[in-house]
Amino acid sequence: MKAVISGNEAVSQAVKLSRVQVISAYPITPQTTISEKLSEICGSGELDAKFVKVESEHSAMATLIGASSTGVRTFTATSAQGLALMHELLFWASGARLPIVLVDVNRAMAAPWTIWCDQTDSLAQRDTGFLQFYCWSNQEILDTTICAFKIAEELSVPCMVCFDGFFISHTHEVVDIPDQSEIDKFLPSRDAETKLDTSDPLTFYGGTLPNNFMEFRYKLQKTFERAGQVIDDTFDRFEKRFGRSYKNVETYFTDDAESILLASGSAASTVFHTVRKMRDEGEKVGFIRLRQFRPLPEKKLLSVLKPGVAYGVLDRDLSPGTGGVFTQEIRALLNRNGNSVRIGEFIAGLGGRDITVKDIEKIFAKLKEGAAENSEIQWIGLKEHQ
Amino acid sequence: MNKFIVFKNIDDMPESAVSRAPMSWNKTGSWRSSTPVHKNILPPCNHSCPAGENIRGYIDLIKKNDVAMAFELLTSSNPLPAVCGRVCYHPCQANCSRHSFDVELQVRLIEKFIGDWGIEKKIQSPLAESISKKAAVIGAGPAGIAAAHYLRRMGVSVTIYDDSSEPGGILRYGIPSYRLEKEVLKSELERVLRGIEFKPNSGFGSDIDIGDLIDYDAVFLATGAHISKRMGVDGEELPGVESGLGFLKNVNSGSNEKLDGKRVIVVGGGNTACDVARTAYRLGAKVTLVYRRTENEMPAFTEEIEELKSEPIETLFLAAPVRIEKNNGGTLKTSFMKMKLGKPDSSGRARPEPVEGSEFEIMAERIFSAIGEDPDLSFFPESEKRSDGGFDFSKVDKRLREKLYIGGDILPNPRTVPHAVGSGRLAAEKIMAKFEGKEYQPSENITEVAGPDDINLIYFSKVNELKWKSALAPDAHILDARTAAEEADRCFSCGVCSECDNCFNFCPDMSVIKNADGYYVNLDYCKGCGICAQECPGGSLKMEGGR
Amino acid sequence: MTDFDYFKYHESCGHAACPGCGEKILLRHILETLGPETVIVAPAGCAAVTDGIFPHTASPVPFLHVPFGATSSAAAGVRAGLDKQGKEKTTVLAWAGDGATFDIGMGALSAVAERNENILYVCYDNEAYMNTGIQRSSATPFGSWTTTTPRGYLKEEPKKNIDFILASHGIPYIATCSPAYIDDLKQKVAKAKASDGFRFLHVFSPCPPGWKSDPKDSITIARLAVETKIFPLFEIENGTEIRVTHKSRGIPVSDYLELQGRFRYLTDEEKEKIQADTDKLYGKLLNSESRKTRSKIVMED
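Chains as they are written, first to last, in the numbering used here: chain D, 1 to 386; chain E, 1 to 547; chain R, 1 to 301.
It should be emphasised that the hints constitute simulated quantities derived from the structure, not laboratory data.
Computed from a prediction, not measured in an experiment: that's the story for all the values here.
Hints may contain errors.
Calculated from the model, a selection of chain D residues having no Cβ within reach of chain R, i.e. all distances over 10 Å [as the list claims (entries may be wrong)]:
hint, residue
1, 41
2, 176
3, 181
4, 186
5, 230
6, 250
7, 283
8, 334
9, 338
10, 359
11, 374
12, 386
Computed, partial: chain R to chain D, Cβ under 8 Å [stated by the list, open to error]:
hint, residue
13, 39
14, 69
15, 82
Computed list of chain R residues with no C-beta within reach of chain E, every gap over 10 Å [claimed, not checked]:
hint, residue
16, 68
17, 115
18, 138
19, 153
20, 158
C-beta: ideal position from N, C-alpha, C; glycine also.
With the sequences and hints as input, model every part of the structure.
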């Protein structure tokens, strides 16, 4: 069934189709309409879930930790400050190996107060042990959220599905909503290996001494290392059933490109549009979309990043004192593998500032001028000094 | 699974920290520096009972409304609860730990309640199958009765010889009926003497002799103390000057003597003196009791003294007779000397010393001397009195000596009914041990006695005096089962586990385990915190140093 | 009560609580009353640490460790998860100390109370952060020594009145309990178990190392806390119906204070203040109890 819905509503539809059993969330812009819609479909009985309406995001995640420990499927959504307030519990969820799915509608972190988009909020949670996907369309949001449950439950790790606040969350698009029966075949109910159960009284996540702790982190790391394959397989199966394809790294016009820009989220759409326009104008430019950040699709990235091309990464985020998170991660990956490919670092669109076609053209112009060799941060769209 | 698990291989570990192994490998008992021990310490009531009653035991049963079991337990050491409930001086009450808290437990009334219950219910004591042993008991007083009863219960064939026509001894002939109703005595003796042959009018040395006893496997001698001590004054042999005990025996044998309006002097301060004075008063006499020390030194039981004082009987302290003369007209004139208290004598009491020139006279028709009694052992001329007050029988005919046991007032014990009962039961146990070829062993060998410091008073509330007094007023004398149970409920259970569950409930380490036999401490895990001992209301649980 | 024999579970032995720990006395009686159809949710704290270390546990029922401020919400989540699987009969027992309840978990506690989540929340109150080494919490009483209210800087504020804060949420059942009064405790736990909605038990949990008291005195201190009116035993139904379940004898508070080293720096004036404040609060409690009766009579007229 096709419908014109917002990004946030695509989430709600995915949650409904995934037959989530316990939802807990706290209102925060721009996530709020997800909670509103879920309240409606839980209230009406369209979805047979308990929506625990908590007093904070900390409690939202705590509630899901409790619920997920009993073996049910759980979901929450948040943004920025809310995600940061969950921070402690994100580690807990992954250390406890609970397949909680969290949608983060990307919003810049205050101060100063802002409700507008950048991706610093979710990227700042990169060390918490959540899988992370970044979507650019409402259809992708719906499909990824459904797959997120399947992947998370298979790996017993939590998963974060991210997309840009307002630019995507509040934009309506045509979305093909799959049939429930098809989703039920694709995503059966959760089968937890261990759970809180009075017939098998176990104790979960108790004190662990130095003699055992490290092994749990090793196992988590190993799970993330094999996660890439599970993710690829899941989306392949999804494609076979539903006909829509998603890759961890997507390349456009890269084969003969001289300059290539890497981007994620809504900015990626602008880059895609600009690249097509520039191609029409005869420029040999290309575009790589980063869809999956945790685990970082290292093999794929190494295979697509080739010497002799001027690369730039568009970061809509900032780790102060270091720069863009995507840039740093990719540079570190290349460096680790003795790869001589150089990457230019472009920071743009913080706090919801528009990233325009002109901005992208400017970046490609800079890349042409050798910006990839420049290790300094190149700010795009910033006001000039006097 | 009782082991600390060490993962050698990462693959043995679960994906997340899910625990299913017990903690029981963690033997926290190793933390302990002192250890709780369930000790049964002797409660002061049990310790002080001359009859050896398990008072705490039957109090507990009364508390639980199990009168039948209480009767069984009580009569397992004292066959005469109805009697003792009336005539015993109850040192258990004087020693009761509640004495200093509010008011001592009224064991006397509870014992009487149990005894009367036994009479009312016509309970029969169980008699064992007869064994091929026979014993003779000389004297049917409380000691002889107790010995005969327990021997018979254990299967021994018993014959009691007594110089009187009825059994009971001092109970029948010494104690006035206002203290011990004849009916009660009769009923209790019927039960106690069931299956026992009683030979009346068979005084040892007069009606029977050693030859009659040779064939018995054991002989228990309990002929009591009948010879009144002499005052040692001139005129003691005058008519009208008599032994107090003899007077009591006459009255108790049914003589119709009347003392209407007669003046009577009773000399002495013991129980006999009190009984004589009170009996004479009841026969219409105007009585003066004269004692050479003060009320504080009177050897009579406190209760007797209190009752004496409640009656219109004149008491004269610090005076001793020096001479009795017959006046014209037959009145007796007794001269007394005033006394003062000097240094303590061997009994620990102040020695009375005469005050020079303090003589005075009292006129009376009758004078009863009650200054103590001695046993009459004229049938054993060979016996010698020892320095401790007892007798040496080593020169008695060997055929008898080897199976001779002594009890009751012949012994140097205080001459009380419970002492007599205790000596009788003890003799029966010793005789049985001998019959069975064993060395006699006391059934319980506890030496430590609980005191007020062992009690955790927080667990007890003071009695509501008004309510208590109305239920237990001394003139009420009769308890119903509910009142008895309520009174028993006040018991501290000094030194004895009352199964209150405190040690079990308050153990943080689940180390006090309860089973059918009571409680035990699991030393594998007991950390020695000491809460159990601290919270033991009666102090039967103690911490002892070390593991 | 239940046929749940705590002692059948030998794994209950060997827990690592300090000698004389009140929490362990309380937990065993509470679990014994609740029975095996119980799931524990516990935050950081003594209960979490002493239950055992991975892969070992002393708990006879499922036990979910959760972060410090997460108890109430996680318990609500467990409730939701169990309900979704048709396990409505299972009792969800949130078992948290005073720090997790009065302080870091207060917001979430208020929230689950307001939502009337079907949880039995029991706060074992040892009046400070004992597991981290005796730091003051908002449950620490006036004049108490802790490592963050050291000598010369003793706690100046009174203890937070958690029971009445929760009462103002109008929840079905609130009760205070003491390990020295096991029957009262078990009755209240049974009553709580039998009711639905958010139930809060505030249980007094002596801590020998934290209170600088002799381990053997834990129960004596707990009893004195009740009998001096410092920790009265009462219950509140539906937020308004207050009933004192054990009348305090009114033993002087000094008897209670002197058994604990944490109060050793109090001056006589401060002790008098504690006595006066205690009497005042207790009087208020009794008044609130009788007021209810009075208003009832008026209504019946």
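A quick look at each hint next to the structure:
1. 41: Its Cβ never comes within 10 Å of chain R, the nearest being 16 Å, so this holds.
2. 176: Answer for residue 176 of chain D: holds, closest chain R Cβ roughly 29 Å.
3. 181: Answer for residue 181 of chain D: holds, closest chain R Cβ roughly 21 Å.
4. 186: holds (21 Å)
5. 230: holds (25 Å)
6. 250: Given a closest Cβ separation of 36 Å, the condition holds.
7. 283: Holds, because the least Cβ-Cβ distance between residue 283 of chain D and chain R comes to about 52 Å, which exceeds 10 Å.
8. 334: holds (37 Å)
9. 338: holds (40 Å)
10. 359: The assertion about residue 359 of chain D holds, with a minimum of 42 Å to chain R.
11. 374: With a cut-off of 10 Å, residue 374 of chain D remains clear of chain R, as the shortest Cβ separation is near 44 Å.
12. 386: The assertion about residue 386 of chain D holds, with a minimum of 47 Å to chain R.
13. 39: holds (5 Å)
14. 69: With Cβ-Cβ at 6 Å, under 8 Å, it holds.
15. 82: holds (5 Å)
16. 68: Holds: least Cβ distance 17 Å, greater than 10 Å.
17. 115: holds (29 Å)
18. 138: holds (26 Å)
19. 153: Label holds. Min Cβ-Cβ 31 Å, cutoff 10 Å.
20. 158: Label holds. Min Cβ-Cβ 27 Å, cutoff 10 Å.
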